[in-house]
Amino acid sequence: MDVTLERIVSLITRFGVYSSALLLSLGLSMRFTASMRRLGYVVIQFGFLTLISTPIAAVASLAILSVIERDVKLTLTSILVLLILLLGIALGVI
Amino acid sequence: MFTALISLILALLSGLLGALLGLGGGVILVPLLVLLLHLPMHTASAASILAVVATSTASTSNYVREGLTNLRLGVFLELSTTLGAISGALMTIAMGEPLLRVVLGLILIYAAIMMLRRIGEWKPKVSDGLASRLKLDGCYYDKAEGIEIAYGVDKTPAILILSYLAGVISGLLGIGGGGIKVPAMNLLGGVPMKAAVATSSFMIGITAAAAAIIYMRYGYCNSIIASSVILGALIGASLGSRITPRVRSGSLKMLFSILLIIVGLRMILSGVGIWM
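Read top to bottom, the protein sequences are chains A and B. Per numbering that gives the first Met the number 0, the very first residue in the first sequence carries number 0; after that it's consecutive. Per numbering that gives the first Met the number 0, the very first residue in the second sequence carries number 0; after that it's consecutive.
Read the hints as simulated data drawn from the structure, not as lab findings. As the structure is a computational prediction, the values presented were derived from the model and not from experiment. The beta carbon of each residue, even a glycine, is placed where N, CA and C say it ideally should be. Heads up, some of the hints might be wrong.
[Claimed, not checked] Below are the DSBU-like pairs computed for lysine-lysine, each with C-alpha atoms no more than 30 Å apart in a straight line: (1) B:193 - A:72; (2) B:134 - B:124; (3) B:154 - B:193; (4) B:154 - B:122; (5) A:72 - B:124; (6) B:154 - B:124; (7) A:72 - B:122; (8) B:193 - B:142; (9) B:134 - B:122; (10) B:124 - B:193; (11) B:134 - A:72; (12) B:124 - B:142; (13) A:72 - B:154; (14) B:154 - B:134; (15) B:122 - B:142.
[What the hints assert, rightly or not] Residues from chain B that keep clear of chain A, each with C-beta distances beyond 10 Å, as calculated: (16) 113; (17) 136; (18) 212.
Please model the complete structure; the sequences and the hints are all you need to start from.
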């Protein structure tokens with residue numbers, strides 16, 4: 000199970016970093032083009048969002064895979080980490 | 000445009016130096032952005048924390064593929080580190096610029112001392128009760144040694160507390176906090192250095208993401224500076240990881256430690272209003 004888990008986490012993180020770097024480069028060049036400034040800002044925000052979501056998505060994938068594998072301890076730990084993050088957002092702390 | 004270019008170059012240099020010296024780029028980048036570009040601490044920390052998410056996530060991808068990251072240990076320690084990051088980022092909002100400068104100065108001096116100090120020789124340890132129950136022990140194949148290394152995790156509660164502290168510092172200053180997590184796992188827990196660095200890198204991404212959300216929510220993220228810094232840090236870290244095997248880092252570490260102490264003192268003095 001751990002090998003599958005590692006492969007999936009590795010794929011998610013690589014995809015997240017590459018796509019956010021692409022979005023940020025695109026957004027940054029748009030920001031310096033007078034007619035596309037506003038769109039550039041939006042693209043950069045998407046880039047930030049993709050970047051920030053990537054490690055969180057890695058934890059979420061751990062939670063899902065551990066549920067499938069019935070690994071109760073890993074499921075509980077990863078869900079708790081996600082809950083701390085989500086609770087912070089829901090309460091307006093984050 | 001000029002500020003964006005300079006931010007990108009500074010981030011590239013800190014990413015490169017960070018990879019060469021085994022430090023997170025944040026500890027180098029934040030003082031550079033504050034002292035050279037005269038950015039407010041909050042803006043510099045916000046840009047830096049996003050760069051930390053990018054570089055640690057990029058290295059996590061490689062470490063996990065090589066089987067070095069102990070995902071179970073990382074997620075478990077993240078319970079306290081994430082709480083710490085949230086507390087730290089909230090403290091940042093409440094704390095004034097001078098106090099933040101003093102805290103950053105102290106952390107820089109600590110990082111310099113840690114870099115100068117030789118990390119003790121690794122000795123394998125048997126997992127304590129908590130680590131055994133949670134199956135936190137791990138193993139990986141060491142390519143350099145050509146052997147499989149198995150390890151247990153000792154003193155788990157103490158590592159959990161130190162991870163909280165690392166989270167607070169990360170959220171407070173926009174730095175990774177690996178300078179606390181790696182020695183805690185390696186020296187206290189008996190996790191081999193390579194696994195400790197890889198696990199810390201995985202954790203830093205999650206912690207920094209939690210703190211970054213807070214910075215974004217409070218509007219501290221300057222889109223142009225932050226995106227330039229992220230791109231620069233990614234390029235710098237990638238270059239650094241290629242150059243590292245060919246560079247002798249001993250004298251570089253010594254020189255850089257002295258520089259960190261000077262910058263740290265400069266930050267403290269500016270924080271207390273003696274040298275602005």
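Which earlier hints turn out false for this structure, listed by number in ascending order? Failing hint: just 18.
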